Amino acid sequence: QSSCESLDAHVSFCSNDTWGKTQKSDPAQLAQYINDKDQYGIIVSEGIGLADGVSLEVMVDAALSNMATAWGINKSDIPVLKISDVEFEGMQSSRMAVSAEYQGVSVILSYTISVADRAYQLLTFRIGKNYGSIDETLHQSFIKHVKID
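For the sequence shown, position 46 (counting from the first letter as 1) is numbered 130 according to this note's numbering, and the numbering increases by one without interruption.
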């Protein structure tokens with residue numbers, strides 16, 4: 085990791101030669117990145133957290149609800165492939181993987197959702213139908229560059 089770019093007062097991305105910053109596709113995103121295999125990483129930093137009554141369960145449910153709204157489907161129709169408790173940067177977190185079909189393209193999305201003083205969503209996705217170790221490797225290769233202050 086050669087250098088870290090401050091994205092806001094709380095989040096930095098420590099660059100390398102794999103992930104390059106791209107134009108954000110949504111104003112709610114703090115930053116978006118792409119690697120050399122056309123796989124994407126997104127960082128969302130929210131100004132709410134545990135002190136505001138926002139639990140990890142609420143954030144996971146909100147992520148699924150937002151996906152359903154964006155894709156025009158019911159939340160119950162989103163295939164959750166994996167969900168587990170993890171720790172990220174010292175915060176209580178959930179790791180979740182879902183599959184989706186968007187405009188005829190199959191996508192695998194992996195999330196790390198964390199809540200402390202603020203809430204964070206770290207998302208990676210790739211075109212594909214089958215969830216597997218490639219998705220976990222992709223996600224880890226992205227989130228290891230994210231530093232929360």
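Treat the hints as calculated values from the structure; they're not laboratory data. The model shown is predicted, which means the values in this text are computed figures rather than measured ones. Keep in mind that a hint or two might mislead.
Here are the computed lysine to aspartate or glutamate pairs in the EDC-like style, where the Cα-Cα straight-line distance is at most 16 Å [what the hints assert, rightly or not]:
1) 159 <-> 185
2) 231 <-> 173
3) 166 <-> 136
4) 231 <-> 185
5) 121 <-> 145
6) 121 <-> 101
7) 228 <-> 141
8) 228 <-> 130
9) 231 <-> 141
10) 105 <-> 130
11) 159 <-> 141
12) 231 <-> 89
13) 213 <-> 185
14) 228 <-> 145
15) 231 <-> 145
16) 121 <-> 201
17) 108 <-> 92
18) 105 <-> 122
Listed next, with one range per pair, are the computed distances between beta-carbon atoms [unchecked claim]:
19) 155 <-> 201: 27 to 33 Å
20) 158 <-> 233: 34 to 40 Å
21) 187 <-> 100: 29 to 35 Å
22) 88 <-> 170: 30 to 36 Å
23) 220 <-> 152: 22 to 28 Å
24) 92 <-> 176: 17 to 23 Å
25) 218 <-> 99: 35 to 41 Å
26) 159 <-> 138: 33 to 39 Å
27) 93 <-> 190: 33 to 39 Å
28) 217 <-> 88: 26 to 32 Å
Just so you know, even glycine gets a beta-carbon here, dropped at the ideal spot from N, CA and C.
Hint by hint, here is what the structure shows:
1. The straight-line distance between the Cα atoms of residue 159 and residue 185 is roughly 14 Å, inside the 16 Å bound, and the hint therefore holds.
2. Only pairs whose Cα atoms come within 16 Å are accepted, and residue 231 paired with residue 173 is accepted, the gap being roughly 7 Å.
3. Distance hint between residue 166 and residue 136 is unfulfilled; the C-alpha atoms sit about 27 Å from each other, more than 16 Å.
4. Distance hint between residue 231 and residue 185 is unfulfilled; the C-alpha atoms sit about 31 Å from each other, more than 16 Å.
5. Among the hinted pairs, residue 121 with residue 145 is inconsistent with the structure: their alpha-carbon atoms are about 30 Å apart, more than 16 Å.
6. A threshold of 16 Å between alpha carbons decides the hint, and for residue 121 with residue 101 the separation of about 12 Å falls inside it, so the pair holds.
7. For a cut-off of 16 Å, the pair hint linking residue 228 to residue 141 is broken: about 23 Å separates their Cα positions.
8. A threshold of 16 Å between alpha carbons decides the hint, and for residue 228 with residue 130 the separation of about 20 Å lies outside it, so the pair is violated.
9. Between residue 231 and residue 141 the alpha-carbon distance is near 23 Å, which puts this suggested pair outside the 16 Å criterion.
10. Proximity of residue 105 to residue 130 is assessed by CA-CA distance (about 20 Å); at most 16 Å being required, the pair is judged violated.
11. With a C-alpha separation of about 15 Å, the suggested pair residue 159 and residue 141 falls inside the 16 Å cut-off, and the hint holds.
12. This hinted pair checks out: residue 231 and residue 89 have alpha carbons roughly 10 Å apart, not beyond 16 Å.
13. Using a Cα cut-off of 16 Å, the hinted pair residue 213 and residue 185 holds, with the two alpha carbons roughly 9 Å apart.
14. Straight-line distance between C-alpha atoms of residue 228 and residue 145 comes to about 24 Å, which puts the hinted pair past the 16 Å bound.
15. Note on residue 231 and residue 145: the hinted pairing is violated, with a Cα-Cα distance of about 24 Å set against a maximum of 16 Å.
16. A C-alpha spacing of about 34 Å is found between residue 121 and residue 201, which places the hinted pair above 16 Å, so the restraint is violated.
17. Straight-line distance between C-alpha atoms of residue 108 and residue 92 comes to about 15 Å, which keeps the hinted pair within the 16 Å bound.
18. For a cut-off of 16 Å, the pair hint linking residue 105 to residue 122 stands: about 12 Å separates their Cα positions.
19. Distance hint for residue 155 and residue 201: a CB-CB separation of about 31 Å, consistent with the stated range 27 to 33 Å.
20. About 38 Å separates the C-beta atoms of residue 158 and residue 233, a value consistent with the hinted range of 34 to 40 Å.
21. Take residue 187 and residue 100: their Cβ atoms lie about 31 Å apart, and the range 29 to 35 Å holds.
22. For residue 88 and residue 170, the Cβ-Cβ distance of about 22 Å falls outside the hinted range of 30 to 36 Å, so the restraint is violated.
23. With their beta carbons about 24 Å apart, residue 220 and residue 152 fall inside the hinted range of 22 to 28 Å.
24. Checked against the hint of 17 to 23 Å, the pair residue 92 and residue 176 passes, with Cβ atoms roughly 21 Å apart.
25. The hinted window of 35 to 41 Å between residue 218 and residue 99 is violated, with their beta carbons roughly 22 Å apart.
26. Taking 33 to 39 Å as the suggested C-beta distance range, the pair residue 159 and residue 138 does not conform, at roughly 18 Å.
27. Between residue 93 and residue 190, the C-beta spacing of about 37 Å keeps the proposed range 33 to 39 Å intact.
28. The beta-carbon spacing between residue 217 and residue 88, approximately 28 Å, falls within the hinted interval of 26 to 32 Å.
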